[in-house]
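Chemist: Next come the chains, spelled out residue by residue.
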Amino acid sequence: MSAADKFQQAVADRHQYAQEWKKRTGGKVVGYLCTYVPEEIFYAAGMLPVRIIGSHEPESVTSPYVFGMFCSYCRDCLAQGLQGRYDYLDGVSTAHCCVHSYQTFDSWKRHIPAEYFYYVSMPQLIKSRGAQRSMLSEIEVLKERVETDLGLSISSPQVEQAMKVYDRNRSLMRRVYELRRLDNPPITGAQCMNMVIASQIMDKQEHSQLVEELLKDLEAHSPKRETGVRLMVAGHTDSVDVISVIEGLGTTVVADDLCFGSRYFWNTTPDDNDLFVAMARRYLERPPCPMKDLHGVRLRPRYLLEMAKDFGVQGAILIRQQFCDPHEYDMPAVKRMLEENGIPSIDLEQDITIPLGQLRTRVEAHLELVQQEIA
Amino acid sequence: MAVQQKYPTKPIECWGKLEDLRRRLVKDTYSARERGDMVVLGGPGPLPSLLCGLGGFQLLSPMPIGPDMQDLRLLTKMNELATTQGYGNDCCATLRIALGSMILDRFGMNKRTGEVLKPDIHFESLACQGQMKAQQLYQEYYSQLPSYVVELPWQEEPRQADVDYLESQLHEAVEWLQKTTGREYDDELLAEGWINEWRSRIYFSRIMEHQSAIPAPIDQKTMASFATLMWRGAMHLPEVMEFYKEAADEVAVRAREGIAALATERCRLFHEGPVPWYPSNVLRYFNRYGAVCIGSWLYTTEFGNFNINEDGSWDICPMPEGLGLPLKTRDDILHSMAVVFTAYNPRPKLSARIDNRVAMSRHFKLDGAVFALDRGCLGNTCGAMESIVALKDAGIPVMSYQGACANPSELDQGEIISRIDAFMENLGLEALEEGRPLLQSEV
Ligand code: SF4
Ligand code: SF4
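For the record, the sequence lines run as chains A and B. Residues 1 to 375 in the numbering used here are what the first sequence lists, from first letter to last. Residues 1 to 443 in the numbering used here are what the second sequence lists, from first letter to last.
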């Protein structure tokens, strides 16, 4: 089985993976919702942090607890918890992002038992002068809480080691992403997304080994498919199927700005004499999601334009979850910026279940526009 | 139908003063330029007093208050315009109305003269994600309007780090205000404004506290009218602080003497979630059953500073002289702001929202609760469903209805009326008088 296939399988069998890991190591597993949670702390404590993701199956269990107009991703995640699919979690954490994820975390805490819950009150104004101190203090409290609530100890060398493991994983994934700049990228967007999601659910060292294998595979074999139209996907989706459908229409997704994609691992930890300060800075300095891009003029439209140029993108798909207002606030500005620079863009909205036929039709129509622009 | 009057009532005596103040605030806003006052977009959030150090300023609130809110057709049109710009009905209601109004070039319009007032800067202190994102749009609309937002931290547990974070932001904000406006910053004016704002918010908390009396001395609609001065961000003004003092004293007397908001009170309700901002009778429709809406967690946490103990009793933030903090220098003042808004502000705590509501239902002797599940205000709908579950578990009957506080076309009158009627029937109450339609004008 190729490394790419192994990632795909890990994503499909994610619950089994975590349960087996638990059996194998005797360690504890913590679930998290938002990628601003400083996972290295859990890893340093010998835990397996796993990102909670939806199943895209219809559900009716969340409606007593969450208003129907909360984001479909969050409702889907909570449904997984309520249906017992995450019963193996010893704890749940998230970082302050949007009210939707806050709601999911709170409902999880109320209705699904676990030993440990922690809400990381991460600052929103990440560029403000006090943000670093606030984030630093959150990391320290998180460490204390893991130690007291779960009876685990975390030493500085363990933290340092965890940070190294994480940074290595980030750098390796970045190397894979760099290959997408090529005229004929050796990897598809769907394969990349599987790799990133697998990184969010697997042990990082094991995952890094697979990424190294993947890099070797990619160097050894030239791509067998036509690249077609080069696209960027930005916003929020946790569905690899969506990317596969898009790529089934004669395109390759060569760049993304997703927290199930590049946003998760793009930057490594900066140098700093203080470990925790370095960790705080890494989270504050990563490419922002809309809820962290609040300081004055928006940063994301320009950032996305630069990314599109860097990766030779010809068209963009801006995707968001139904009722996700944070992304909705940014999309008109992002769309404007891309289109003013010759990159046609389309907005797509994703519900819990994804009618792939409809998606195909909309993307097809958009591709006609992109083709005209290229011609 | 014979209506049984159980309690004495009398008109609110400070009403005239409220009306005068409201009129004056509008007048002052539109004559800002004549006095050389700066015009600041912002205001419904706390801490407008940070602006006081700059000297004369007027606030142009992005909150939809004013005559446009009376025109239901216009409101619907503003909503539609926001949708065409890509901001759908799950986006913040305030943003959608402000944007619609900007597109129509009515934002900041003096309805008497037709003159449009443009802001010099945008400045707010916020906890809500909708408003925080909205400020970027205001900047874009007014092409690079200088803008600054202070984040009121969301905290699940009280932490020193939050006090420090807020305090550091406040210092940065003052520096930004000085640099951007080129004005001198006067710490004495800051102190004066902040102490007025602090007092105003404590008087508002006291007003709410008196609502635990049976019969309730005022109803939620009156409280909403009192709050309009807060919506305008005017609590730093000495005359507004004086008004709240007088209102709190009057409500205290009414509570002591058993003067009721509703003569037929026999059922007490909290109406949670944003009440329609356009003219509507939702809050008073219940009165025909002898039921009275007396307040909400949402309202009081927006305008007051207090904590709610487990038994529902209130721990109101002390007045400036009672908290034991020095208030002499700028550092002192900004520190006290950070303490007041982290130690006595249950609003940005989701778990507290739910547990507080249960505790308050006992303290305020509620017979039921009504939840407006607002499609245009996710900030306030957060925690609503969990609160409903928790209240029902605590034996408090609950009804809910859907709508959108700023979009009258999303309010289905017939449906809401039949839901209210059914809820009242379930509570064993028969109508004492005729009901009125919910909307005061046609959509
Ligand atoms: S940012 Fe959007 S997609 Fe992500 S959790 Fe919040 S609402 Fe959902
Ligand atoms: S509280 Fe509601 S209306 Fe107000 S800013 Fe937030 S989302 Fe908008």
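Read the hints as simulated data drawn from the structure, not as lab findings. Computed from a predicted structure; not experimentally measured. Certain hints may be false.
In silico SDA-like links for lysine to any residue, alpha-carbon gap of 25 Å or less [stated by the list, open to error]: (1) A:Lys127 x B:Gln144; (2) B:Lys179 x A:Lys335; (3) B:Lys118 x A:Lys127; (4) A:Lys335 x B:Gln155; (5) A:Lys127 x B:Gln155.
Chemist: Lys118 (chain B) and Lys127 (chain A) were given as a pair; does the straight-line alpha-carbon distance stay at or below 25 Å?
Modeler: Given pair Lys118 (chain B), Lys127 (chain A) is violated - Cα atoms ~28 Å apart, limit 25 Å.
Chemist: Regarding the pair Lys179 (chain B) and Lys335 (chain A), is the alpha-carbon distance no greater than 25 Å?
Modeler: violated, 33 Å
Chemist: Compare the distance between the alpha carbons of Lys335 (chain A) and Gln155 (chain B) with 25 Å, and conclude whether the hinted pair is satisfied.
Modeler: violated, 34 Å
Chemist: So if I understand the rule, the pair passes when the alpha-carbon distance is 25 Å or less; does Lys127 (chain A) with Gln155 (chain B) pass?
Modeler: Satisfied, since the Cα-Cα distance of roughly 19 Å is no more than 25 Å.
Chemist: Taken at face value, is the distance from the CA of Gln144 (chain B) to the CA of Lys127 (chain A) at most 25 Å?
Modeler: holds, 19 Å
In the structure shown, a violation is registered for the earlier hints numbered 2, 3, 4, in ascending order.
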